[in-house]
Amino acid sequence: GAGVSQSPSNKVTEKGKDVELRCDPISGHTALYWYRQSLGQGLEFLIYFQGNSAPDKSGLPSDRFSAERTGGSVSTLTIQRTQQEDSAVYLCASSLDGGPNSPLHFGNGTRLTVT
Amino acid sequence: AQSVSQHNHHVILSEAASLELGCNYSYGGTVNLFWYVQYPGQHLQLLLKYFSGDPLVKGIKGFEAEFIKSKFSFNLRKPSVQWSDTAEYFCAVRGTGRRALTFGSGTRLQVQP
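If you read the sequences in order, they're chains A and B.
Under the numbering used here, the first residue of the first sequence carries the number 1, and numbering increases by one thereafter.
Under the numbering used here, the first residue of the second sequence carries the number 1, and numbering increases by one thereafter.
Wrong hints could be hidden among the right ones.
Think about it this way: if two alpha-carbon atoms lie no more than 25 Å apart in a straight line, the pair counts; the simulated SDA-like pairs of lysine to any residue are [claimed, not checked]: (1) A/11 x B/88; (2) A/57 x B/105; (3) A/57 x B/45; (4) B/49 x A/41.
Not close to chain A: a few residues of chain B, all C-beta gaps over 10 Å, as computed [unchecked claim]: (5) 28; (6) 40; (7) 53; (8) 58; (9) 80; (10) 111.
Just some of the chain B residues that point at chain A, by a computed CB distance under 8 Å [unchecked claim]: (11) 32; (12) 43; (13) 44; (14) 46; (15) 49; (16) 51; (17) 90; (18) 99; (19) 100; (20) 101; (21) 102; (22) 105; (23) 106.
Honestly, the hints are just simulated from the structure, not real lab data.
All C-beta atoms, glycine included, are put in the ideal place defined by N, C-alpha and C.
Sequences and hints are given; from them, build the entire structure.
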C-alpha cells in the first residue's frame with residue numbers, strides 16, 4: 001500500500017531563498033509530524049499536527065519556519081530566507097491517531113542543501 | 001523536557017557477534033520507549049516498542065530491548081548479528097502528555113561479513 005510520500009526528494013537552493021517541502025501522509029492517518037535530521041544530530045522534532053487540534057509548534061527553530069496541513073491531509077513545511085544551517089534531511093511521518101499504540105510511518109525525506 | 005542519549009555513535013561488528021546498543025533517557029514521568037531502524041537507502045521503521053508490562057520487549061528480526069526504570073535505560077540487544085543488520089538505529093522516547101517522539105542521535109552499526 002501507499003506509504004508517506006515526500007517531495008521533492010532533493011532540493012538545492014541559494015541562501016536567502018524560500019523553499020516549500022511537501023508531505024502526503026498515509027490515507028486515514030490523523031497525526032502528522034515533521035522532523036529534521038542533520039548529520040550526527042539525530043532527529044529533531046519540528047511540528048506535530050493532530051486532527052483539528054492546534055498544532056504543536058514547539059520544535060520550530062525560528063520564525064522562518066512554518067507549516068500548514070490543509071484538509072487534514074497534505075502538509076507543507078515552508079522555510080523562508082534559507083540559511084546554510086538549514087541544510088538537512090527533512091522527514092515527515094504520520095500515524096493513525098497519534099496515540100501510544102500508533103507507530104510512526106516515515107517518508108523517505110527531502111534532502112535540502114542551501115548553498 | 002525529555003531527552004535521549006545514545007552513547008555509541010558507530011559500532012563495527014563481525015557477523016555472529018553479539019550486539020548491545022545503549023540508550024538512556026531523561027524524563028520524570030511515565031514513558032513509552034521505541035527503537036527505530038533505518039537501513040541504507042530506506043526510510044525509518046519501527047523495530048520494537050515498550051509501553052508497559054514485561055520490561056523485556058521482543059521485536060522483529062531477533063532484536064530485543066530491556067527497560068530498566070532505575071537506570072532510565074532501554075538498551076537494544078541481539079545475540080548474533082548478521083550482515084543485513086547494517087543500519088542506523090535510533091532510540092526514542094515519548095512522555096505522557098508529550099505527543100511527539102524525542103529521538104537520540106542514532107548509532108550506526110556496520111556488520112562485516
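* **Restraint outcome when residue 99 of chain B is required to lie within 8 Å of chain A by C-beta distance** => Check passed: Cβ of residue 99 of chain B comes within 6 Å of chain A, closer than 8 Å.
* **Verdict on residue 40 of chain B as a residue remote from chain A, using beta-carbon distances over 10 Å** => Holds, since 12 Å exceeds 10 Å.
* **25 Å Cα cutoff - pair residue 57 of chain A, residue 45 of chain B** => 24 Å, holds
* Asked: Hey, does the residue 49 of chain B contact hint survive, CB to chain A under 8 Å?
  -> 7 Å, holds
* Using Cβ atoms only, decide whether residue 100 of chain B comes closer than 8 Å to chain A, and label the hint accordingly. => Constraint on residue 100 of chain B satisfied, holds at 5 Å.
* Asked: Going by Cβ atoms, does residue 53 of chain B stay more than 10 Å from chain A at every point?
  -> 13 Å, holds
* Asked: Are residue 106 of chain B and chain A close enough, Cβ to Cβ, to be under 8 Å, as the hint says?
  -> 5 Å, holds
* Once the shortest beta carbon distance from residue 102 of chain B to chain A is found, is it less than 8 Å? -> 6 Å, holds
* **25 Å Cα cutoff - pair residue 49 of chain B, residue 41 of chain A** => 22 Å, holds
* Restraint outcome when residue 51 of chain B is required to lie within 8 Å of chain A by C-beta distance -> 6 Å, holds
* Measuring from the C-beta of residue 101 of chain B to each C-beta in chain A, is the shortest one below 8 Å? -> Holds - the Cβ of residue 101 of chain B comes within 8 Å of chain A, reaching about 7 Å at its closest.
* Classify the hint on residue 44 of chain B as holds or violated, based on whether any CB of chain A lies nearer than 8 Å to its CB. => 4 Å, holds
Checked against the numbered hints above, the structure breaks none of them.
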